[in-house]
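Enquirer: Read off the chains here:
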Amino acid sequence: KAGVTQTPRYLIKTRGQQVTLSCSPISGHRSVSWYQQTPGQGLQFLFEYFSETQRNKGNFPGRFSGRQFSNSRSEMNVSTLELGDSALYLCASSPTQSSYNSPLHFGNGTRLTVT
Amino acid sequence: DQQVKQNSPSLSVQEGRISILNCDYTNSMFDYFLWYKKYPAEGPTFLISISSIKDKNEDGRFTVFLNKSAKHLSLHIVPSQPGDSAVYFCAASPFLIQGAQKLVFGQGTRLTINP
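In order, the protein sequences belong to chains D and W.
Using the working numbering, the letters of the first sequence map in sequence onto residues 653 to 767.
Using the working numbering, the letters of the second sequence map in sequence onto residues 256 to 370.
Hint data in this document are derived by calculation from the structure and do not stem from the laboratory.
Since this is a predicted model, take the numbers as computed values, not measurements.
Even for Gly, the Cβ is constructed at its ideal location relative to N, Cα and C.
Among the clues, some could well be false.
Label pairs and their computed distance ranges (CB to CB) [stated by the list, open to error]:
{"id": "1", "chain 1": "W", "residue 1": "H331", "chain 2": "D", "residue 2": "R719", "range": "33 to 43 angstroms"}
{"id": "2", "chain 1": "D", "residue 1": "P713", "chain 2": "W", "residue 2": "Q258", "range": "18 to 28 angstroms"}
{"id": "3", "chain 1": "W", "residue 1": "Q258", "chain 2": "D", "residue 2": "G655", "range": "24 to 34 angstroms"}
From just these sequences and the hints, can you work out the full model?
Expert: Shown next as structure tokens:
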């Protein structure tokens with residue numbers, strides 16, 4: 653079974669631009685979550701989608717948005733990029749909505765650098 | 256406000272000895288706890304979890320202990336092996352009415368096993 657696939661692996665963008673990151677979950681998984689990892693901050697929750705609906709959102713500005721398609725694939729968009737958005741963006745999937753008995757399976761992430 | 260804290264950024268242990276990684280949390284609503292392991296250039300991998308109704312869960316060389324009154328959990332690795340060298344993240348999940356995924360992660364502890 654293929655794991656969670658994130659594309660692209662690396663991105664370099666300029667301040668003010670926008671970026672779209674893509675995530676394909678494990679086949680059969682309907683929940684997709686996005687996390688931002690920065691040095692010293694650990695992983696911070698961005699949002700979670702289940703059956704094309706955003707079920708929960710973290711404390712990030714409105715420049716961060718996402719969506720999920722009918723095939724469970726998900727995209728994350730960041731508009732008006734700032735230097736502080738440079739981070740590793742991780743996508744994770746699970747079969748159900750709950751953490752219980754279905755731990756998240758993470759992709760290898762997209763490393764975004766904003767210059 | 257860091258609801259999940261891993262106060263040791265790094266830990267060095269000799270091969271064959273016990274590794275103990277610690278994690279503290281502040282939110283009483285957390286009722287499910289997980290440990291993830293992360294190698295460079297890879298996404299986090301689920302290691303072991305524990306529900307708040309238990310105080311110990313064991314899986315091979317890995318044991319997680321939960322002390323609810325102290326809001327503290329720890330991961331014990333016995334015996335430690337060179338392949339255990341990685342960054343370890345503690346994560347907690349609150350009970351959410353909608354059952355949506357929202358893990359809160361600590362900052363991570365870099366474990367180095369010395370031969």
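Enquirer: Look at each hint and say if it fits the structure.
Expert: Verification of the supplied hints:
Checking the proposed 33 to 43 angstroms range against W:H331 and D:R719 shows it holds: the Cβ atoms sit about 41 angstroms from each other. A hinted range of 18 to 28 angstroms holds for the C-beta pair D:P713 and W:Q258, which are about 20 angstroms apart. Taken as a hint, the range 24 to 34 angstroms holds for the pair W:Q258 and D:G655, whose Cβ atoms sit roughly 29 angstroms apart.
In summary, this structure violates none of the numbered hints.
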